[in-house]
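Q: Residues per chain, in single letters:
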Amino acid sequence: MTMIKMALRSLIGNGLKTWLNVFVLSFTFVLIIFMQGLLEGWNRQAVTDTVTWEIAGGQYWSQKYDPYDPFSIDSSAAVVPSSFRKEYDAHDIEPVLYAKGTIYPGGRMQGVLLKGIRPDQHLLALPTYLLKADGAEIPVIMGAHMAKQANLKVNDLVTLRWRDVNGTFEAVDIRVAGIFRTSVPTVDIGQIWLPLDELQKMTLQPNACTILITKPEIPIQQLSAWPFKDQTELTKQTAAMIQAKSKGYNVFYFIFLSMALIAIFDTQTLSIFRRQREIGTLVALGMTQKQVVSLFTLEGTMNALLAILVGTIWGLPIFVAFAVNGIHIPMDVSSFGVPMADKMFPYFTLKLVAGTISFIMVITALVSYWPAHKIARMKPTDAIRGKAL
Amino acid sequence: MKTIVEVKNLVKKFPIGDGFFTALKGVNLIFTEGEFTGLVGPSGSGKTTLLNIIGTLDVPTDGDVIVLSKSVGNLSPKEAAQLRKEELGFIFQNYNLLPVYTVFENVEFPLLLLKMSAGERKQRVLETLEWVGLTDKVKSRPSQLSGGECQRVAIARAMVKRPRLVLADEPTANLDAANSHHILQTMEKLNRELKTTFIFATHDEKVIGYLHRIIRLADGKVVEDSSPLNSPKGDLKSESSQGTITNNNDLDSSPSGRLGGAL
Ligand SMILES: Nc1ncnc2c1ncn2[C@@H]1O[C@H](COP(=O)(O)OP(=O)(O)OP(=O)(O)O)[C@@H](O)[C@H]1O
Ligand SMILES: [Mg+2]
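Chains as they are written, first to last, in my numbering: chain Z, 404 to 792; chain E, 20 to 282.
This is chain E alone, in the form it adopts within the complex (with noise of 0.2 Å):
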């Protein structure tokens, strides 16, 4: 399996008041291209952190991440914003969508900053909205959409551009069950069907039981990686007798259930 990020011997440090506060000690880690794979951890532990510097977002204070082949401390930030544009999607926990923009116009953007064709662009934005069901949504803001809603426009966002990696923070804080299951039932499909590379941060359990490898951090290393002996890696069929999905038809009945169709 190919390398898509790895993470050698990273330490990060911030500064506070006359010193420093380590977030990160030393942390190793090798993600392969597909992995549908979680940071979790309590709150501090370095999650967020250690996300942003794979996103290139952060820098390392030592030890290095390689992201598709690049060295993140050695980027310039234009190289940087490069690899973003070109390679990452971002999901945030309370979303980011642009707030003047309509549904469309999000899911838009990161092909405007490809400079894509305007026709090649409608196409794809409705393609991505019909995966995560919002077809119905182009012309709204922000402001009109509910949480769940807002969540699968940042989602269609990170994976308009079909991006080989997505950073997903703390994607379903912010939501209830239902919608919770919804998007990860959505995000878990675009994976085995595009081969996307997930990472969440999280600590929420709905997330938790449909990841396929388990990071645990504490206090800024590593304590655990683990995969979850019936969630084998990319084949997410035989998933049915896990616990976590408790409806299959609620799956089937989705918008996400649509993605087969519309790939």
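Excised from the complex, chain Z in its bound form (with noise of 0.2 Å):
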């Protein structure tokens, strides 16, 4: 008690100085919490959107889809099992047929990914009820980026070149019935969705899908021929690339901390070797060295309480603010190739705020801790007299 009270007079004391420290620290401390908050909110966000969109209840994927093998996808259909019969019918499972194809929008060439998916389907959010339209040419729909990258509107037609299991070339126009917006890449960049019963028959695959996508909450069958892959494990890649991405971020709080540390390091090593005299009163009134560095640590480690106090008053309204309105973010999702919603909802768990805190406190600790140690193995007679170290 007694310590708190002489560590905070002196905090008090230097008046300025404590201010300034306080400040940079308790910069460091909103930055760290709220790009952390953003990261972690973004990872939820890209999950849930992955999870609406793509993923579902989890999927079995045919025994030979390699989705890291970009060749082998026009052979790596299979029927679908007919343990399934019933969720088929049921819409409690979707099959997804996959194919490579070639757009030739304005006479350029471009490749594309065709995904087959039954139009009445309502698992995944795609607006696929679209493809019901009837007319000469085959509805496709397509996301935002795909439809701008091909330079294509609604009710365009472009032609559609693609090979049949056989191998053989066949080419066709298709419509585009629609345009959604996602911020999953994965189903928009480079793709375009068609009825599944045409693409069954364009690539002469009849009952054939690559993929197949449950509702959730359903049994779950374990088929050699038709491996499972839950939820966790679908997006484990999602979360692994924001994590990659974050670390960019982790040279900023590296940055940061460091100014905030070496701000605290030097207003103690500096108050420290200044007061080297009032060190030596301090143990000529009775105090040990080590009550004596327990102050200064206690001391150094009050900036960071201190932080977290004005942190928390001028960071805390900005973070309620962020986390229910969301932040716009002016990016094009094209280039990071993980879903990324225009609107970021940060997103602050405990674990991320107290483990921010307690990092920055422990080291803070330490910087106070090393000059202290330091000086008070100095002989009392030496430091009284401020002798230089």
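Worth double-checking, as some hints may not be accurate.
To be verified - Covered stretches of chain Z (chain E as the covering partner; in silico rule of three or more C-beta atoms under 8 Å from a C-beta of chain E):
hint, segment
1, 410-420
2, 778-786
As the list claims (entries may be wrong) - 30 Å max Cα-Cα, derived DSSO-like pairs, lysine-lysine:
hint, chain 1, residue 1, chain 2, residue 2
3, Z, K693, E, K89
4, Z, K535, Z, K618
5, Z, K639, Z, K618
6, Z, K693, E, K134
7, E, K240, E, K27
8, E, K97, Z, K777
9, Z, K693, E, K104
10, Z, K754, E, K97
None of these hints come from the bench; they were simulated from the model.
Predicted model, so just to flag it, every value in this text is computed and none were measured.
A virtual CB, placed ideally from N, CA and C, is assigned to each residue, including glycine.
Take the two lone chains and join them into the complex the hints point to.
A: What follows is the structure in structure tokens.
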């Protein structure tokens, strides 16, 4: 108690300098927590969006399907297993057939991934009902990015070429029945969605599909030909990518934290070396060297405590405002390759806040301890005289 | 009279380069309770060194110093700190006040270490500040005080816990004549009223004039130990005849003049 009182007196006595340090430190706190919260929010949103647009309750993958091998895609499909008959009829499971194709928008050639899906599915957020449109041409839908890349608008016609399962080239005109906006690039960029039965006919693969998307909570079947991938596994990649992107931010934190710590270290070191006579005096007045070290360490750590207080005062309203209203990110989704909505909502977890705070506290204590420890080893008689170290 | 400090064959060597410098060369002294004594001698004669060892801030190389029945050579750092905290008061040449603390807080500090209650602390601090005549400066910081005022704060800080022994190293070195007399009179009163033992290190003639016992050091050895004839220990009243106190009115008008009433 006495120690706290003494440390507090010194801090207050140091005046402006203390407040400067405290502000820099509080800025670091708020920045790190904010950026981490933003990443966490992004991560959560990305995972949620990926589930909504692409994964639903999980996916069965045809054994031959390898997402990393684009050349095997055309031969990766298999017939929907009969054990899914009931779910298939109830639309609790949705087959999606993958095939490669090429479109020729405005005379240019562009490779696309064709994805066949039943128009009346309701597991994914895709507006597949638009695929029900009748007309001479096959209706397709695509994401806004794909449309922009191919320079296509609703009702535009474009020539599609593909190879059937035997390798024979075919071509047909398709019509853009709808363009959707999504934050999930893996259902958008480089892809065209069309009715499943059409794609099956086009590729001569009746009843075939590459993956099966399931509704959440329906029982999982263990099929050797159709390994099941649950949500966690499928979103792992998204999370890992965000993690990788966030690595770049770590440099930021490092710089800011270093700045704050240097400021504290500087103040502490300066003050301790400047105050060596004071330290000698404290010893002469009956403090043990251990107590002196604790006092100065406490004083340094109190910077962090005050910074938490100050950071809370100005940071909390900002956090709340952004967490509620979101932040508009004027960035092109495609440049990230990771689901990213126009608006991000930072998400602050207790773990994040407590973790950041304790991390900074520990480091602050360390940089305060070091110089104090150094000077307390000095002989009190030298310290009183203010002998240079 | 009770022995308060006993210096036995004290030798202090400081390492210098490859060899040693012997600052104290076998000092033998006994100080009894209530003394008002000065270590006098030229610069480098070992006054500060002796004072530091008595104050447990340094340790003997050889021989022993017994302070309040404790051998300083055998004290652990913790025990030494406890002794300083409870029984000793230091007054330094350059005051060594804590700059970020107010006058009140500086004087209160030793009591904080003694874990005294807030109410008692306040009462003691104000009482002590009254002795040294600084009750109007409680909220000032050392940077706002004159040298004499700083030194008086230092005295108050040393006296506030009513230590048995006060060690004062050149307490008047930075003060003018008027302030020096003022402070010496204050300390003399405290010595008389509280029976506090004072040991000074000084070569200031003004201080020497107040001493009841003068120990002359030269080159690390005691060369003279005398009690000035007309300055008998503990009896200051007969001192009005002494030449050093030139103006009796000055004593009465000084803040220390209020000491009698405060106690
Ligand atoms: N830490 C030290 N290391 C080396 N030599 C020292 C140390 N402290 C004191 N000395 C030497 O010991 C001798 C006595 O020093 P001390 O400070 O006791 O003298 P003093 O009588 O107090 O002098 P002054 O009147 O100038 O204060 C000096 O010659 C000094 O150089
Ligand atoms: Mg000296």
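Q: Looking back at the hints listed earlier, which ones does the structure fail to meet?
A: 10
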